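S.K.: Mind docking chains W, P and Y on chain B? Use the hints.
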Amino acid sequence: MHLTVHQLAKAYGLLWALRDFSFDLPPGEVVALLGPNGAGKTTLLKLLAGLIPPTMGEIVLNGLQFERGTPIQRAAIGFLAPGEHLYENLTVRENLHFFTSLYKKREAIKQIDTALGEVGLKHRSEEYVVALSSGMKCRLSIAKWKLLEPQLLLVDEPYGVLDGSGIDLLERFLKAESRKGSVVIMASHHVARLLNLCTRAVILHQGRLIFDEPRQQPWDSFARAFGEFLPHETSWSS
Amino acid sequence: MELLTQTFLLLKKDLLLEMRRRESLLTMFFFGTLLLFVFHFSFELVPERVAQMTPGLLWLAFLFTGTLGLAQLFEGERDNHCLEALLLSPLDRGAFFLAKTCFNFILMVLVEIVVIPMFWILFNLQSWEVVPYLFLVTVLGTVGFCVLGTLLSAVTLKARARELLLPLVLFPLMIPVILSTIRCMEAILRNGAIGDALPWLRLLVGFDVIFLTVGVLIFDWVIEV
Amino acid sequence: MVESFKSSGKRKGYLGALALIAILVGLYWGLLRAPADAFQGEVQRIMYLHIPSILTAYLSFFLVFVGSCLYLWKREKRDDILAYSAAEIGVLFTALTIVEGSIWGKPTWGVWWTWDARLTLTAILLLIFVGYLMLRSLIEEENRAAVSAAVLGIIGFLDIPLIHMSVYWWRTLHQPPSILRPDKAPWDNIHPAMLTALAINFVAFVLLYFYLLSHRFRLGEMLEEIKARKLRGEP
Amino acid sequence: MRPWGFVLLAYGIVWGAIVCYSISLRRRYRRAEEELARLRALEASQSHAPK
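Which chain is which? The protein sequence lines are B, W, P and Y, in order.
Note that the first sequence ends on residue 238 in our numbering; no numbers are left out.
Note that the second sequence ends on residue 463 in our numbering; no numbers are left out.
Note that the third sequence ends on residue 698 in our numbering; no numbers are left out.
Note that the fourth sequence ends on residue 749 in our numbering; no numbers are left out.
Okay, chain B solo, but in the shape it has when bound (with noise of 0.2 Å):
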């Protein structure tokens, strides 16, 4: 998946949640989304997701314009919120069942088994959702995402709750995408985590661009921006 974004902006009623947003993305392009709370990250990805219509600007999908998203568009395109979109009231297999046959992936319907026993929840596949805790939700959002393989995977803030196997899975997980070509954007505050996995790093603040580069060692000129930008958090230089 090659992902371009020209000039993207939304705005909620009188407030910009994201202006001016352009980047390209080759395939395969693992890239962290940083900003502090209200940066636009959230709203970023919704937009990549075709979940709210953009104010301005456009999103180009393998060459091809993605405006309200054809079947085969939004069929490519992955959003991994821990815990979200799920039907609480079906079990963990129901539910896995639903979105494999939603995506017509008929061969994904037999790896069922095997993807639940790689995130570790083959003894509870019988159980309601509701009934696990929000990391074991996440765990069952990764296998989900795992079976209809999306070629952009976007990721909304999974660390928080996840435990430590938990967080091997998911980068595993992403890292394997990464190398089938699909091009992963994930969101969130953990940054030492964040920018061990990433080969590029994008930075957020108030809904503008303000830093967007490949990451290599040393890397002088993100720790700048980052101690700029956010004071704060300075937890990723551990």
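FYI, nobody ran anything at the bench for these hints, they're computed from the structure.
Honestly, I wouldn't trust all of these hints.
[Claimed, not checked] Computed cross-link-like contacts, PhoX-like style, restricted to lysine-lysine with a CA-CA straight-line distance of at most 20 Å:
(1) W:Lys250 with B:Lys105
(2) B:Lys105 with B:Lys180
(3) W:Lys250 with B:Lys104
(4) B:Lys122 with B:Lys110
(5) P:Lys693 with P:Lys540
(6) P:Lys540 with P:Lys690
[To be verified] Just so you have them, the derived chain P footprint on chain W, three or more residues with Cβ under 8 Å:
(7) 382-393
(8) 396-406
(9) 411-425
(10) 439-448
(11) 452-461
[To be verified] If the Cβ cut is set under 8 Å, some of the chain P residues that face chain B in the computed set are:
(12) Lys569
(13) Asn606
(14) Lys690
(15) Leu694
If you're wondering where the values come from, they're calculated on a predicted model, not measured in any experiment.
Ideal Cβ placement from N, Cα and C applies to all residues, glycine included.
M.R.: This is chains W, P and Y only, laid out in the frame that chain B set:
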């Protein structure tokens, strides 16, 4: 074909959820029954008067219970942002509309199956032979109600005070359905057969077809997060 | 068509002056020149308001339909403004039609309100488009409000013929329509001066309607521009 | 009430309502015009102001 497969998938999911929680069906059922009692107390219904008022009263009951169901129709999708998950997927929105319409239709028909005989029992009506015909007309009216109701329920999804707004915009638009079903029922009660209710029946079917088509075509724009 | 509303203030001024003249001429013809009706007497003069106002209301709802369709298709803000403006003025004219009908009905039928097909139909129209305006005001997010309103505008307009049919069938089973006889062209039993008065008043209402609409439309555009400028000016 | 009374009542209400609507529309229109002029002036002064 794809449209129908997706519709069926979503409908199956909705029915499964409803079977587990039974929220909508139970409330609608009890509300419908409750209305029959309220009617009795407010109109002091003796058999001679009931015969005249049957179509109106029955439809009033279905209209209110149906509106109750419509208000709940998208609630299940709002929990846990499931609506987002559906809109994110390659789902055809026309299928989404059809599935929700069918789901609401099934709920209402289940309620009607119970409420119509109960009406006959509670008010001591003797004319059991017309019940199947009445039920048939009611089902046709219910189709129109569900089609338009689902469409407007989605339109008002993001509005403040939507439970109040929905009947306000729905009832005036529903007048062809209300009038034609009630006139059909009157004709049936009078003659014991469809007979001179035919123009009304045609109007009703026309209404169902027009709004079903409009709904499938327009739903893509109606529903957004 | 939309382009013509963007006319300069000067052209709008001409339109206003023309509307005013037409209204005055219409008043003169309607109240003084036209003879009293042989059966209904002077009260029939209300018809010179009643018929033009309901026709303009229908024109208005047609514009709501056109604007709504164009908006859903092209997503141009001005189509939405057109639909909103037309709905607002349409509701005004519909309400006036009902008031006139009611005042005409009192001396003619002896009651302020009767479930006559025409009156009922007009009342339902009013309810539908009042609902439209309420829907607009109850949805916070602007795009959402525009899209939802457009859908309701389309459904509402498509429903009019169905409501028309059902209400007429329902009433005509009980009483014949009061003025229009299907077997007789309406102008057969009308004095030529009456017809002239009606025509002049109709022209006056249409001119007035477009005068109001052009201002309401421009107002919508200005509000839109104010919002755009405030957004741009925000640091 | 005499027939003419009904006629005048109807004409009075209709034209009264239309005049009222026109006045309220004019007021809204003026307010928007002023606001727009203010914003335009503000923008002009900002673009000419020395940096």
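S.K.: Taking the hints in turn, state whether each one holds.
M.R.: Results for each hint:
no.	hint	verdict
1	W:Lys250 with B:Lys105	holds (18 Å)
2	B:Lys105 with B:Lys180	holds (18 Å)
3	W:Lys250 with B:Lys104	holds (16 Å)
4	B:Lys122 with B:Lys110	holds (14 Å)
5	P:Lys693 with P:Lys540	holds (17 Å)
6	P:Lys540 with P:Lys690	holds (13 Å)
7	382-393	holds (count 4)
8	396-406	holds (count 7)
9	411-425	holds (count 6)
10	439-448	holds (count 4)
11	452-461	holds (count 4)
12	Lys569	violated (48 Å)
13	Asn606	holds (6 Å)
14	Lys690	holds (7 Å)
15	Leu694	holds (6 Å)
In this structure, the one hint that does not hold is number 12.
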